[in-house]
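Protein chains in written order, with the numbering used here: chain A, 217 to 531; chain B, 1310 to 1586; chain C, 424 to 752.
Simulated from the structure, these hints should not be mistaken for lab results.
Fair warning: there could be bad hints in the mix.
Unchecked claim - Now the in silico label distances, taken between C-beta atoms and shown as ranges:
{"no.": "1", "chain 1": "B", "residue 1": "H1487", "chain 2": "C", "residue 2": "R642", "range": "40 to 46 Å"}
{"no.": "2", "chain 1": "B", "residue 1": "R1475", "chain 2": "C", "residue 2": "D644", "range": "33 to 39 Å"}
{"no.": "3", "chain 1": "A", "residue 1": "P445", "chain 2": "C", "residue 2": "D644", "range": "47 to 53 Å"}
{"no.": "4", "chain 1": "B", "residue 1": "A1562", "chain 2": "C", "residue 2": "L591", "range": "25 to 31 Å"}
{"no.": "5", "chain 1": "C", "residue 1": "L591", "chain 2": "B", "residue 2": "L1371", "range": "20 to 26 Å"}
{"no.": "6", "chain 1": "B", "residue 1": "V1341", "chain 2": "C", "residue 2": "L436", "range": "57 to 63 Å"}
{"no.": "7", "chain 1": "C", "residue 1": "G473", "chain 2": "B", "residue 2": "A1489", "range": "52 to 58 Å"}
{"no.": "8", "chain 1": "C", "residue 1": "I439", "chain 2": "A", "residue 2": "S405", "range": "47 to 53 Å"}
{"no.": "9", "chain 1": "C", "residue 1": "L500", "chain 2": "B", "residue 2": "A1489", "range": "40 to 46 Å"}
{"no.": "10", "chain 1": "C", "residue 1": "R557", "chain 2": "A", "residue 2": "A248", "range": "43 to 49 Å"}
{"no.": "11", "chain 1": "C", "residue 1": "G473", "chain 2": "B", "residue 2": "L1470", "range": "55 to 61 Å"}
Backbone N, C-alpha and C fix where the C-beta goes; we use that ideal spot for every residue, glycine too.
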Amino acid sequence: MSGPLLSVRDLSVAYGRRRRVEALGGVCLDVATGDRLAVIGESGSGKSTFALALAGLLPQDAKTSGTILWPALGHAPVAGRDIGFVFQDPSSSLDPVVTIGAQLVEVIRRHLRLGWQEAKIEAASLLARVRIPEPYAALKAYPHQLSGGQRQRVAIALAIAGRPRLLVADEATSALDTVVAAEIVALLSALVAEDGMTLLFITHDIALASALATRIAVFYAARMVEIGPAPRVLARPAHPYTAALIGAHLGLDAPAGDRLAAIPGSPPDPADPPSGCRFRPRCPLAVARCTADPPWGGAPDDGGLCVFAPEPPLR
Amino acid sequence: MKGLARFLRSPEGLAGAVLLLVLAAAAVLAPVLFPGDPLRIAGRALMRPFTDSALPLGTDGLGRDVLAQLFHGARTSLTVGLAAALAATVLGTLVGTLAGFLGGWTDEVLMRVTDAFQTVPAFLLALAFVSAVGPSLLAIALGIALGSWTGPARVARAEVLSIRERDYVAAARVTGMHPATIAFREVLPNALPPVLALVAVIVAGAILIEAALSFLGMGDPNRATWGDMISEGRNVIRSAPYLSIVPGLALVATVLGVYLAGEGLTEALSPKRRARA
Amino acid sequence: MNRALLLLRRRLLGAIPVLLIVIVGTFFLLEAAGGDAVDAYIGAIGGDAGLAAELRADWGLDQGPLQRLAFYLWRLLHFDLGYSVAFSRPISELLLDRLPNTLLLMGTAIALSFGIGSLLGIAAGSRPGSVRDRALSAAGLALYAVPGFWLGLVLSLVFTVQLRWLPLAGFETAASRLRGWDRFVDILRHLVLPAASLGLIYLALYLRVMRAGMAEIWRQDFVRALRARGLSHRRIVWRHVARNALLPLVTMLGLQSATMLGGSVVIESVFAYPGLGSLADRAIDERDTPLLLGIILAGAVTAILVNLVVDIVYALLDPRVGAGDGAPA
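All chains should be built: construct the whole structure from the sequences, respecting the hints.
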């Protein structure tokens, strides 16, 4: 199969029956096999909605429009087998009354069609890969007996058990402390490299994105505002919001006494967004032209959705 | 007022309210429509319904007016149900609030007492109480309350425990308010809503227990009750089964009305959360 | 298993003060009713004031209330609950005679209501909001509003009077001299209607609780994670959602056992079933208060024991209970 792994055109998601709230609007992008795409944004930017939409995990009352194609796959993706998903909260992605082993085995048997004994062995080897000590003993443990970091490792093991082509991590490290988060990030990186998986990870942490990603997409107020190779986006952001985000980030080596370069104002109310460019009310570069929708038809390869950005090359 | 609108908009609430309204009307109008003692002999025994216009539903095995008994029975059931629920709620809330607020040894003792009352089957408790004290409406209501107060007590205590730690209580304490005042002025009003959600269940239970007590012969002998009607009807069940069936249907309608109204009330007080991605 | 045994010990210890309170309460209710054990005894056996005074002195009943309470407790420890006027037999004997029958009735009713109720609840809860769900929930609500004794009457009207399929009353056909399998079937036939009357109401309850439990579980995050893993809907329903929803159901089972015992009193009266219930019936008719209070004590003890069993079952089902072990690495 040729072509990108994932091809999204004009994806929009809205909630609510009486008052329509737009969670995502007109997203277009491509993900090539082997890419590591980081989706960055604040809460409410639509990045999680995007991930859930790709995996088919949106709630019942969500209305989706647009297309999600999987050219390299050749068929509609099957949850678990083609897409693995890791959630933010490790405690709530495991069934509390079933052992880790049982949960792993049932996923393995579902997707790999192995017998009981073989599935157990495979489960143990998965636990070993995610660096759980004493895998065979851990099989008999219940989720509440593990620490948060260990639970997240188990969640990752469950996500890759079906040998999926795409691994989606939705804020997978946000609920963990810094040290553990770093370990999980390293683990994800290693696993993805070993198995040749494509990685889509959602985060609000730019530093994390810079460490792990080959490409970066930036979301703001339910729109994608920038996408491109990670080095380019970080060094020469094409959208004022991206620039502001990078500017607001304070590294460990920043001199003491530096003021936090916060972005003034707050994100728009999803039920009542501003016309034209959504970042306009907070943008230092805003001009009259910005009240018109910045044009962007088709999936951009590398560029920013802003009147000041150069016209992005489209696919 | 918005709560009332929401209550009436839910199908359960509306249906329940309608049922209860009809029954309450029957209860209130009973002495007007059927003056005098409904348990007096009104005519020939076992008269068929729709044969005599003065006795629309005929008479029972002892010659008493069936329709009059039905209406007065509604009065009895609703009175006992509400009285018992009131007593149970007041007693339970008091005990629960005290236990939750004072904590420590008082809490332990009160909780053990609550356990004891909860362990004994509520019906047996009511039965024993009425048997010892004598069957009257008051005794029945109290006996039922004895078995039902533990629910509100636990809910009230749980609420108080969570409220106790909140800031406005600490603020009251700092200003030197007496603990009892704090308990009843600050904590209690906020602990009430979850308790109120239980009320419908208690009322329904009380109506059913009263009916069972009357059925067994432990009801107030001076009042018309549906349970007694069913019991009397049992004697002639082969020849006149409707005498037992109709009061039972009245009971079902009443209890159903209470449940539906209760569900509507719960819906109105706490709108459903939506599951978000 | 260790966890369960520790829980058992803790529960048993906790039950003792509760039982004491019940006993003391019962005692004072007995006092309030007036008349004492000697009156009952004399009334049954016959005797004069002299004998009464003698017995009172013997049994310590001429002492003050606290001593009488102590005496009552002492006799309780020897399983002596006093004497029944209505049956002219020691109360403890009567209770032991009748208790197994009531337990059989309750056990059958619980099995029926829990088994079928939870299955129907799963059927309703596997797709909340569906037509099947709404129909089952409505039926459950209507059934739950029905008085048990009236249901018993209606059922016997249909099945005994009209259809003549099932017997009217009793434990087994009297003086029938049936043995072995025949006797078993006979008892079963007599058990059907009482157990059904008792069980159907609670069936409705368990249906509602199971359905509500499942609706609640569906909202939880780990269910979405299960979908993300690609498991089939059926597997998620049975292996995960129902399994989790079973827990509050088991808790409810414990809470309802006391209520069901009360319900069986009335049902037994309707069907003349010789258990604790019909005993209570007679006790009321003949104003035999010591007997009635003995029944209450038996009811309380049974309820405590049933609750204990249910607690153990719950601990076995929920691995999080009593977890003081398993410190995270």
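Going through the hints against the structure:
Separation of H1487 (chain B) from R642 (chain C) is about 43 Å and conforms to the stated range, judged on CB atoms against 40 to 46 Å. Judged by the Cβ atoms, the range 33 to 39 Å given for R1475 (chain B) and D644 (chain C) is violated: they are separated by roughly 27 Å. Between P445 (chain A) and D644 (chain C), the C-beta spacing of about 34 Å breaks the proposed range 47 to 53 Å. Distance hint check for A1562 (chain B) and L591 (chain C): the Cβ-Cβ separation is about 28 Å, which falls inside the suggested range of 25 to 31 Å.
Remark: the range hint 20 to 26 Å for L591 (chain C) to L1371 (chain B) is upheld by a beta-carbon distance near 23 Å. For the hinted restraint 57 to 63 Å between V1341 (chain B) and L436 (chain C), the CB-CB distance of approximately 59 Å keeps it satisfied. Range check, G473 (chain C) to A1489 (chain B): about 56 Å between beta-carbon atoms, so the 52 to 58 Å window is met. A hinted range of 47 to 53 Å is violated for the C-beta pair I439 (chain C) and S405 (chain A), which are about 59 Å apart.
Separation of L500 (chain C) from A1489 (chain B) is about 41 Å and conforms to the stated range, judged on CB atoms against 40 to 46 Å. Against the hinted window of 43 to 49 Å, the Cβ-Cβ separation of R557 (chain C) and A248 (chain A) comes to about 48 Å, which satisfies the hint. For the pair G473 (chain C) and L1470 (chain B), the beta carbons lie near 59 Å from each other, so the given range of 55 to 61 Å is met.
Violation of the numbered hints given earlier is confined to hints 2, 3, 8; the remaining hints are satisfied by the structure.
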